[in-house]
Every structure is written in structure tokens, then in C-alpha cells.
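J.: Sequence:
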Amino acid sequence: MLVIENDDLRLIVLSNIKEFGKKVDSHLQELRGETKSYVVPIDEVRFNNGEGKIKINETIRNKDVYIISDIGNHSMKYEMFGYENHMGPDEHFQDIKRVISAIRGQASSITVVMPLLYESRQHKRKGRESLDCAIALQELQSLGVKTIITFDVHDPNIQNATPCLSFENFYPTHTILESFIENEKLNYDNVLVVSPDTGAMDRAIYYANMLNTDVGMFYKRRDLSKVVDGKNPIVAHEYMGKDVKGKNVIVVDDMIASGGSMLEVAEELKKRGASKVYLVATFALFTNGLEKFNKAYKEGLFDMLYTTNLTYINPKLKKQKWFYDVDCSRFLSKIINVLNRHQSISPLLNGKEEILKLIRDKKN
1 MLVIENDDLR LIVLSNIKEF GKKVDSHLQE LRGETKSYVV PIDEVRFNNG
51 EGKIKINETI RNKDVYIISD IGNHSMKYEM FGYENHMGPD EHFQDIKRVI
101 SAIRGQASSI TVVMPLLYES RQHKRKGRES LDCAIALQEL QSLGVKTIIT
151 FDVHDPNIQN ATPCLSFENF YPTHTILESF IENEKLNYDN VLVVSPDTGA
201 MDRAIYYANM LNTDVGMFYK RRDLSKVVDG KNPIVAHEYM GKDVKGKNVI
251 VVDDMIASGG SMLEVAEELK KRGASKVYLV ATFALFTNGL EKFNKAYKEG
301 LFDMLYTTNL TYINPKLKKQ KWFYDVDCSR FLSKIINVLN RHQSISPLLN
351 GKEEILKLIR DKKN
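Here the UniProt record's numbering is used: the first residue of the sequence shown is 1, the next is one more, and so on.
Wrong hints could be hidden among the right ones.
Restricting the straight-line Cα-Cα distance to at most 25 Å, the calculated cross-link-like pairs of lysine to any residue (SDA-like) are [as the list claims (entries may be wrong)]:
{"no.": "1", "residue 1": "Lys231", "residue 2": "Gly88"}
{"no.": "2", "residue 1": "Lys295", "residue 2": "Gln320"}
{"no.": "3", "residue 1": "Lys77", "residue 2": "Val39"}
{"no.": "4", "residue 1": "Lys270", "residue 2": "Asn288"}
{"no.": "5", "residue 1": "Lys298", "residue 2": "Glu268"}
{"no.": "6", "residue 1": "Lys53", "residue 2": "Tyr312"}
{"no.": "7", "residue 1": "Lys271", "residue 2": "Arg222"}
{"no.": "8", "residue 1": "Lys146", "residue 2": "Ala102"}
{"no.": "9", "residue 1": "Lys242", "residue 2": "Gly260"}
{"no.": "10", "residue 1": "Lys36", "residue 2": "Thr59"}
{"no.": "11", "residue 1": "Lys271", "residue 2": "Glu291"}
{"no.": "12", "residue 1": "Lys231", "residue 2": "Gly199"}
{"no.": "13", "residue 1": "Lys334", "residue 2": "Tyr171"}
{"no.": "14", "residue 1": "Lys231", "residue 2": "His123"}
{"no.": "15", "residue 1": "Lys318", "residue 2": "Glu291"}
{"no.": "16", "residue 1": "Lys220", "residue 2": "Lys276"}
{"no.": "17", "residue 1": "Lys334", "residue 2": "Ile359"}
{"no.": "18", "residue 1": "Lys22", "residue 2": "Ile54"}
{"no.": "19", "residue 1": "Lys271", "residue 2": "Leu290"}
{"no.": "20", "residue 1": "Lys292", "residue 2": "Lys319"}
{"no.": "21", "residue 1": "Lys18", "residue 2": "Gly33"}
{"no.": "22", "residue 1": "Lys276", "residue 2": "Asn183"}
{"no.": "23", "residue 1": "Lys352", "residue 2": "His174"}
{"no.": "24", "residue 1": "Lys53", "residue 2": "Gln106"}
{"no.": "25", "residue 1": "Lys97", "residue 2": "Ser75"}
{"no.": "26", "residue 1": "Lys321", "residue 2": "Asn288"}
{"no.": "27", "residue 1": "Lys270", "residue 2": "Asn187"}
{"no.": "28", "residue 1": "Lys316", "residue 2": "Met87"}
{"no.": "29", "residue 1": "Lys146", "residue 2": "Asp90"}
{"no.": "30", "residue 1": "Lys319", "residue 2": "Phe286"}
{"no.": "31", "residue 1": "Lys22", "residue 2": "Glu44"}
{"no.": "32", "residue 1": "Lys146", "residue 2": "Val39"}
{"no.": "33", "residue 1": "Lys146", "residue 2": "Asn157"}
Hints listed in this document are in silico derivations from the structure and should not be mistaken for laboratory results.
With the hints as constraints, model all of the structure from the sequences given.
T.: What follows is the structure, given as C-alpha cells:
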């Protein structure tokens, strides 16, 4: 077991990601041959008028601090003027800034870990819209943050908003595929990866490369004359790529909000003769649409949904037999360990040979 001599690593884990943070801390202790926790105790105070404050209860002077927060955890509640309120992304992001303010410039380095990047879907402007994600990143940079760690960001080009800020975007592909291959007994020579739209194509290619297989793509035809829920409604899903008939198809995307588009793609694949359809999304938000997925599963439109625990998962969702969440806490601990030791992250990004070995072992 390797023992790390330097003692500058500290984690500040906000309550919105407490259990996940405990796992990361435990994995770090194992990786570094330590028994002492790296988590710094803090107080998160919320006043009756809705305002809040953060107090750090241990010195972080000259420490390499990693602030971990899940801005997607809507289960967090507080009382304001006698009413119970659920915390949204804006309030979670404000708490991140409170932590940075409480650090008071005493840390040697500050890294913000947002597995689900704040305002990541508001990454580009149409007309007079606000450009929230870019502004948020610039704000963190101005507060002294050195590095942002996130996962499967909606559009990696958002890092151009802060060219002097280290922006580390990781894909949990290897971790997801490990669980997928372990659980699904498939002929992996007959697998096809499909992107549900043009925006997810790079992600689909990444999965296809890991599996040494082909990739296909759907593109959305929209009615530009209408706006429904802030978007132009989809008229049809058109497919481009290899014939899906008889194939085991893996549909990959960054997140599921209502999931309507993903289910439409699954239905189209079944119409085209796909043998099995697996849905993979890094973040299962499920703002609504759970009953639609139950109905689609009963109708045989898809076989299983794989996602991660990188953001909050509704307990009702966890109970569904078609749902599987992959634990990514060890992956994040490896990332933090490597960055804290100023080592290359490249070995964490190159897992293709391990995936192919898993497939070969499955065949044998």
C-alpha cells in the first residue's frame, strides 16, 4: 500500500452530496494508505428569511482544497417565512461561493468539483437570452478558483469562456461500461452505439471506440414556428447509420430530463428491428416522465437504463427494475488523488484495453 507523505489535501463536501463525498473520502484513504479523513467539517446555516452562510471549522491554510457539490440535488429543503422550500441549482451554486468566501484566500489552491455543471444547458445564447454557464465560470475564476472538475458536460466548448481556468471534463464511460459488460450477457460483436441527436455524437463515438464497434445517429426535425417549454417541438427523428435490424443497440446521452426524446428514439429503433435497446445517460434528472418509462419498459421499447450516481437520484427511480446506477465515487477519488500529486491524468482517460479485455473474458 502506497503511503502519501504530503498532507495538503482537503475536501469540503457540501450536504447536497454528503454520502457520495464520504465514499470519495474513503477511497482516497485507501489509495493513499491513510486512515485519517480528508473531509473538513463545516456548518451550513440557513436563516428564516432564506439567506445563508457557511462556516469552516478547521484550518485550511496552505491546503489544496476540493469543494464538492451536487447542484442537481433538489431533495434538500429549508424553511423560509414558515414555508418549506426545495433548494435549486441557484442556491447550491451560491453555497459554493460561500465556501470560497469562507476560505478567505488562505488555501494554496481551490478546485470546485461539480459533477453536474451549473447551468450547463444554458451554454449558448439565442437572441436576448442570458449566458449563465459562462458567467458562472467567470465568477468562480474571479473568486480565485484554479480548477473546475466536471463530468460529461453538455457542451465542452463552454470552457472557452474562461481560457485561463483549468477545466477538466471527464467521461464516466469506462466505469459505466465495466458495469454494463458485467451485467449484460450480449454478443458484443453485434453491438451498435447510437446517438439520439447530433449534439451527442462525440459521446457516442467515444463509446463506440471503447467497444470497437460502429456508430449511428438520429437527428431531430423541429417545428421552428412554435416554442413549447422553451424549445422548438420535435417533428420527427431521422436515422443515419448502419442498419439496426437484429442489433443490440446502446443509446448514449449526457442526461435524461423528461426522457421523451430518448423514448422516441428507442421506439424508432424497435420499429427498425433492433433486438435489444439499452439507454445510457450520465445524469438521470427525471424532472418528470417516470411513468412514461415504466409504460415503455412494459411495452418492450427498451431493456435497461444505465446511469451514474454523480447527481441526486429520486428514490422512486432507484426502485425500478429497469434502472441501474453506477457508482463513480472511486473514479472521482482517483482524479483528485492524481491532481493533488501533480501527476498526469492521461492514464485515467485511456481505458479501452481494459474494456476489450472484459469483453474477451466474457466470451471465455
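J.: Just to be careful, I want the Cα atoms of Lys321 and Asn288 compared with a cutoff of 25 Å; is the pair within it?
T.: Distance ~18 Å between Lys321 and Asn288 Cα, so the pair holds.
J.: Hint check: Lys231 vs His123, CA-CA at most 25 Å. Holds or violated?
T.: Since the Cα atoms of Lys231 and His123 sit roughly 15 Å apart, the hinted pair holds (cutoff 25 Å).
J.: Taken at face value, is the distance from the CA of Ile54 to the CA of Lys22 at most 25 Å?
T.: Distance ~19 Å between Lys22 and Ile54 Cα, so the pair holds.
J.: For the pair we were handed, Lys334 and Ile359, check the Cα-Cα distance against 25 Å.
T.: The given pair, whose Cα atoms are some 24 Å apart, holds under the 25 Å limit.
J.: Does Gly33 lie within 25 Å of Lys18 when you go C-alpha to C-alpha?
T.: The hint holds at about 22 Å.
J.: Take the C-alpha atoms of Lys146 and Asp90, compute the straight-line distance between them, and say whether it is at most 25 Å.
T.: Status holds; Cα separation ~21 Å.
J.: Would you check the hint for Lys270 and Asn187, treating anything up to 25 Å between C-alpha atoms as holding?
T.: Measuring from Cα to Cα gives roughly 18 Å; hence the hint holds.
J.: Does Leu290 sit within 25 Å of Lys271, going by the straight-line distance between their CA atoms?
T.: With a Cα-Cα distance of about 22 Å, the restraint between Lys271 and Leu290 holds, given a limit of 25 Å.
J.: Could you grab the alpha-carbon distance between Lys352 and His174 and see if it respects the 25 Å cut-off?
T.: 8 Å, holds
J.: Verify the proposed pairing of Lys295 with Gln320, using a straight-line Cα cut of 25 Å.
T.: 12 Å, holds
J.: Given the hinted pair Lys270 and Asn288, is their alpha-carbon gap at most 25 Å?
T.: 23 Å, holds
J.: What's the verdict on Lys146 and Ala102, does the C-alpha distance respect the 25 Å limit or exceed it?
T.: Satisfied, since the Cα-Cα distance of roughly 16 Å is no more than 25 Å.
The structure fails none of the hints (numbered hints given earlier).
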